[in-house]
Amino acid sequence: MTAFRALVRKECAVLFASPIAYAVLTTVTVLTSILFFEHLRLYNQQLFLYASSNMGGFDSDTIPDYINLRDTVFYPVMEQLGLTLLLPIPLLTMRVFARERAHGTDELLLTSGVSPATVVAAKFSVTYGFVLLMMAVSFVYPAGAIAQGGLGLSHLLSVFIGLTLLGTGIASIGLVCSALTQSQVLAAAATVGLAYLFYDFGWAHAFLGPEAAGLFDALALHDHFARFAEGVVSLTDFAYFAALALAAGGLVRSALEWRRLSG
Amino acid sequence: MAQAEPSPRDPALPGKSSGAPEAENPGVRIETQGLGRRFGPHVALENLSLTVEPGESFGLLGANGAGKTTFIRLLTGFLLPSSGRVRVDGLSPSDRARQVQARIGYVPETPRLYPELRVRAFLGFAAGLRGLSGGARRQAVSETLTRFRLESVERRLIGHLSKGYRQRVSLAQAFLHGPGLLIVDEPTSGLDPLQREEIREVLAGLAGHCTLLLCTHDLDEARRLTTRSAVLRRGSLVALGETAALLGGANPLALFHAGEADEVASP
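Just so you know, the sequences run in chain order A and B. Mind the numbering: the first sequence is residues 1 to 263 in our numbering, read in order. Mind the numbering: the second sequence is residues 1 to 267 in our numbering, read in order.
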């Protein structure tokens, strides 16, 4: 446990000594704000159109049901924010293992009496923690406004959990890519590609039968996030993201052990 | 404003004037039998059998690519052998890597450090990796800073240190848990003469407190710091004996080159 704490402290120190952490936080926050205010602006325009005098005003039932804060602002923002995470998270994860290998500090870690599993657990914990921080910071605008719009605290919480889990899912893919190379650029590029592939397997329906495509859908990040976004908290979706994290951790641990054999 | 870096030539040297505290472990024994390691078709180390006694200062000599670093990595458990066996304090690094690593301090040729961390924070991290926490960690770090004359730079970022100081930090992290075996790989490579001299004095001060395995291709360094040495060439042991005798000939460099050394000494 002492080694785990030392590794976590070191990871945090190295992470926040890098401008990438601040750039990622800023980028996600700014993008969220832009997305949110853009959708809010469109929502207000629609309301204005329907509320204009020749359409009956705000109290008129000419305003369709689908024009509301939840469907016009919140869901589209969350959907786009999910996709937006595909870019900053690889920037965050690319250095985690690749840089240790490039600088030779993995040799320091792996010859100091610490098990590879402890190293992996500490690095995953800090990365997931940063994803949580990133989502908390970027969630302020939409959460504040939508809470005013009456979405409900439980639904907001569900969406927040979903987005955070989606972020950890992308981060898990990124950490595996980072452990397989010493090139940070390659790790980031591979993560973007793989995460985009795993995000939604809709394309598979064009090539595969419904059963096979359904299997791919079950593996897609988006499908499991979407249910949280709808306010449905399901144990299956939790299990999916937990399994993804465990599989990624196992792969990274094997990659570290493999170095003992391969050199 | 940038803080002026103190002179690397401090008046007192670690382990000498400060009097290095007695290491808890006086040294461990290294034993290898038929040890070999291949990387695909390339043979990095072949049929190496030798013994290093507890507390001994042992030199591992050879040109670049002779297999010295591979041997070290097999000792630390960072690599697994392709053939033969190795024991450190009676334990196999392949099977009991964690226990073996607890007995080892390792200083790689190029310091493996985190430039973003300050010296004290890095040593605290290294102590944490070794399982030291709370007061024990603070005490170990403070003692190590004193022993290796790093107090003046303890708040400096490692990335801002000179190469000599970085090497000292690397030595300090390897020694702060009182290892029974200190493995030092080319410790003075790339240093200026003053820094080289200082690192040698540091190592001389540590000798006797643990088993010292010094990998080098610097013959003066080997003569000064080791009592017995082995010479590797292309992964094979070509000479083993007292360092003074091995390197006392007219052309000790011949040991490093194929076809000239076989008559100098035999394993």
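By construction, these hints were calculated from the structure, which means they are not laboratory data. The C-beta atom is built at its ideal place from N, Cα and C for all residues, glycine as well. Be careful, since some hints might not be right.
One side only, chain A facing chain B, incomplete, derived with CB under 10 Å [to be verified]:
| # | residue |
| --- | --- |
| 1 | T84 |
| 2 | L86 |
| 3 | D106 |
| 4 | L108 |
| 5 | G214 |
| 6 | R227 |
Between beta-carbon pairs, the in silico distance windows are [unchecked claim]:
| # | chain 1 | residue 1 | chain 2 | residue 2 | range |
| --- | --- | --- | --- | --- | --- |
| 7 | B | T146 | A | G129 | 52 to 58 Å |
| 8 | B | G90 | A | L251 | 33 to 39 Å |
| 9 | B | P41 | A | P76 | 54 to 60 Å |
For this structure, which hints from the list above don't hold up?
1, 2, 5, 6, 7
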